[in-house]
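J.: Sequences are here, hints too, so could you generate the full structure?
Number of protein chains: 2
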Amino acid sequence: MGKIKLSEISTRAPKDLDKDKTKKKIQEILDDLDNLQNLLYAENKHSLLVVIQGMDASGKDGAIRNVFGKLNPQGVAVKSFKTPTSEELAHDFLWRIHSHAPAKGMIQLFNRSHYEDILITRVHKWCDDKTAMRRMKAINDFEQLLQEHNNTHILKFYLHVSPEEQQQRLQERIKDPEKQWKYNENDFAEAKLWDVYMQMYEDCFENCNDAPWTIVPSDQNWYKEFIIASAVYDMLKSLDMKFPGLKK
Amino acid sequence: MGKIKLSEISTRAPKDLDKDKTKKKIQEILDDLDNLQNLLYAENKHSLLVVIQGMDASGKDGAIRNVFGKLNPQGVAVKSFKTPTSEELAHDFLWRIHSHAPAKGMIQLFNRSHYEDILITRVHKWCDDKTAMRRMKAINDFEQLLQEHNNTHILKFYLHVSPEEQQQRLQERIKDPEKQWKYNENDFAEAKLWDVYMQMYEDCFENCNDAPWTIVPSDQNWYKEFIIASAVYDMLKSLDMKFPGLKK
Chain V
12 MGKIKLSEIS TRAPKDLDKD KTKKKIQEIL DDLDNLQNLL YAENKHSLLV
62 VIQGMDASGK DGAIRNVFGK LNPQGVAVKS FKTPTSEELA HDFLWRIHSH
112 APAKGMIQLF NRSHYEDILI TRVHKWCDDK TAMRRMKAIN DFEQLLQEHN
162 NTHILKFYLH VSPEEQQQRL QERIKDPEKQ WKYNENDFAE AKLWDVYMQM
212 YEDCFENCND APWTIVPSDQ NWYKEFIIAS AVYDMLKSLD MKFPGLKK
Chain R
12 MGKIKLSEIS TRAPKDLDKD KTKKKIQEIL DDLDNLQNLL YAENKHSLLV
62 VIQGMDASGK DGAIRNVFGK LNPQGVAVKS FKTPTSEELA HDFLWRIHSH
112 APAKGMIQLF NRSHYEDILI TRVHKWCDDK TAMRRMKAIN DFEQLLQEHN
162 NTHILKFYLH VSPEEQQQRL QERIKDPEKQ WKYNENDFAE AKLWDVYMQM
212 YEDCFENCND APWTIVPSDQ NWYKEFIIAS AVYDMLKSLD MKFPGLKK
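So the sequence lines, in the order shown, correspond to chains V and R. Using the numbering used here, the letters of the first sequence correspond one by one to residues 12 to 259. Using the numbering used here, the letters of the second sequence correspond one by one to residues 12 to 259.
If you're looking for bench data, these hints aren't it; they were derived computationally from the structure. Any given hint could turn out to be false.
Claimed, not checked - The calculated label-pair distances, taken between Cβ atoms and stated as ranges, are:
{"no.": "1", "chain 1": "V", "residue 1": "K32", "chain 2": "R", "residue 2": "D45", "range": "19 to 29 Å"}
{"no.": "2", "chain 1": "R", "residue 1": "Q158", "chain 2": "V", "residue 2": "N55", "range": "28 to 38 Å"}
{"no.": "3", "chain 1": "R", "residue 1": "E189", "chain 2": "V", "residue 2": "W137", "range": "48 to 58 Å"}
Stated by the list, open to error - As a list, the in silico DSSO-like pairs of lysine-lysine whose alpha-carbon atoms are at most 30 Å apart:
{"no.": "4", "chain 1": "V", "residue 1": "K258", "chain 2": "R", "residue 2": "K90"}
{"no.": "5", "chain 1": "V", "residue 1": "K203", "chain 2": "V", "residue 2": "K93"}
{"no.": "6", "chain 1": "V", "residue 1": "K90", "chain 2": "R", "residue 2": "K90"}
Said to hold, decoys possible - Quick look at which bits of chain R chain V covers, simulated, 3 or more residues with Cβ under 8 Å:
{"no.": "7", "segment": "69-77"}
{"no.": "8", "segment": "82-92"}
{"no.": "9", "segment": "176-190"}
{"no.": "10", "segment": "194-202"}
{"no.": "11", "segment": "245-256"}
It should be emphasised that the depicted structure is a prediction, and the values quoted were computed from it without experimental measurement. Here a beta-carbon is modelled for each residue, glycine too, at the ideal position from N, C-alpha and C.
T.: Right, dumping it as C-alpha cells:
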C-alpha cells in the first residue's frame, strides 16, 4: 500500500452491487464464521486481533455488533479505548494496549486503539511529528511481536464515511432520545478538523501497514459489514485449522 | 434459602412443560434482553454480574453461548477462571476475581468463579473447613462491596445435572473428534467425587446466599436456557432504566 488519498476512495458500495443478495451472503458468511471461531477456540493455536478505527459516527459500534455479535461471547472480547487515565499516561502508550492483546484461541476487537496516539494526538498537536514517527516505529515493532511470538493475526479496518454522512448521523444522535447518550459535545468541533484527520490517517496507512489496513466504504452499513465479515472469514479460513483431538 | 439437598431437586424440566412453546418463549425473551442490554449500556448506571457454576459437562459454555451469544459483544464480557497462576496464588483468592468485576453498563459473565475456592479446593482438602468458613465470609463481604458501591446486580446459577447425564456427556466428548478438545483426563476422576461436590455446593448455597443462587435443572439445555434467560430478563427489567438523554 503506497500513499493513498482517502478523498479519492468512494465511501459507498459499487453501484451494481445488489443489496439484498449481499445481505444474504453476509448471513452465510456469519454462519461460517461461527464455525471457524469455534475451531479457532478449540485449536488454541492462533489468535485474531481486529482493530477498528474511524471518525465519530462512522459505525464502529454497529460493525462490532453486527459482524461479531452472533459469535460465542466466550471467544470474543471487545476493548474500547477511551481517553487514557492518569495511570495509563504514566506508562508508555502501548502499555494499556498490550494488556488486551488476544490470548491464543481468542478474537480480540479493539474499538479505537493505539492508533489514536498518532491520530487525535497529532491533529491537536499534543504530539509532534518527530514523536509520531517514533511511535509508528514502535507500533510496527509491537504488531510484529504479537504476530511472530503469539500467532496473532491482525486485521485493521478504517471505516470510511463521507463528511456529509457523518454530519447526518451526528444530527440524528442529537434528535433521537435513544441515541443522545452517544453524542459528545466535542463531536461537531472534531468534525471540523476533518481534513487534518484524513491526512493523519493517510500517514498511518503509509507507515504502519505491515499488518494491512482495509479501507471500508461505510456510508452504507450493509456494505461495511460485508467487507469486514469477508475479510475476517478469509483470514480465519486461510489458517487451515483442525480440531486438536484428545489432549496428550 | 435454608439448607437444601440437591439430590431432592429434579435435574429436568417439569413434565407438563411444552418444549416447543418454551423455545419460542426463549426467543422472545432474548429479543427483549437485547433491548434491555442496550439500555443498561446507554444508561451506564447499573452493572450485572452473572456467576455460572456447575460440574464438568453441566453445560456452562452452552449457557453462555445460547443465552448471551446474541447480545452486543461490546456490552458483554466473559471471564473463564481456570487453575490459578503462580502470580494469582501470590495474592488473596479474590484478587484475580476483583479485576474482572463489571464496569457500569456492562454484563460480566463468570464461567466458574471465586466459588471454586470453596468447592474443588475443599473436595481435595487443599483448604480446611476453618479456612473455607473464613472465605465464605470474605465472599459475602466482596459481593456486598460490588452491590453497594458500584450498583452491581449479582445472579448466581448452579447448573444442576444428574451424574448419569454427566457421564453420558463425558463419553460423548471422548468419542466426538470435534469435542475431544474439551475433555480433560481428570474429568472421570473428579466425577467420582460427586457426593462430596454436592455437599460443598450445598454449603455454598447455605452460607453465600445474600446474592441469591438459582438452581437450574440442566439435563435439558432448552430448559436450562429458559431459566437463565428468564432470571436475567427479570433482573434487568426490575431496574427501571431510562435512556439518559444528552450529556450535561
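J.: For every hint, state whether the structure bears it out.
T.: Evaluation of the provided hints:
1. V/K32 to R/D45: 19 to 29 Å: Cβ of V/K32 to Cβ of R/D45: about 26 Å, so the range 19 to 29 Å holds.
2. R/Q158 to V/N55: 28 to 38 Å: holds, 35 Å
3. R/E189 to V/W137: 48 to 58 Å: holds, 50 Å
4. V/K258 to R/K90: holds, 23 Å
5. V/K203 to V/K93: holds, 21 Å
6. V/K90 to R/K90: Answer holds: V/K90 to R/K90 is near 14 Å, not above 30 Å.
7. 69-77: holds (count 3)
8. 82-92: holds (count 8)
9. 176-190: holds (count 3)
10. 194-202: holds (count 3)
11. 245-256: holds (count 3)
The structure is consistent with each of the numbered hints, conforming to all of them.
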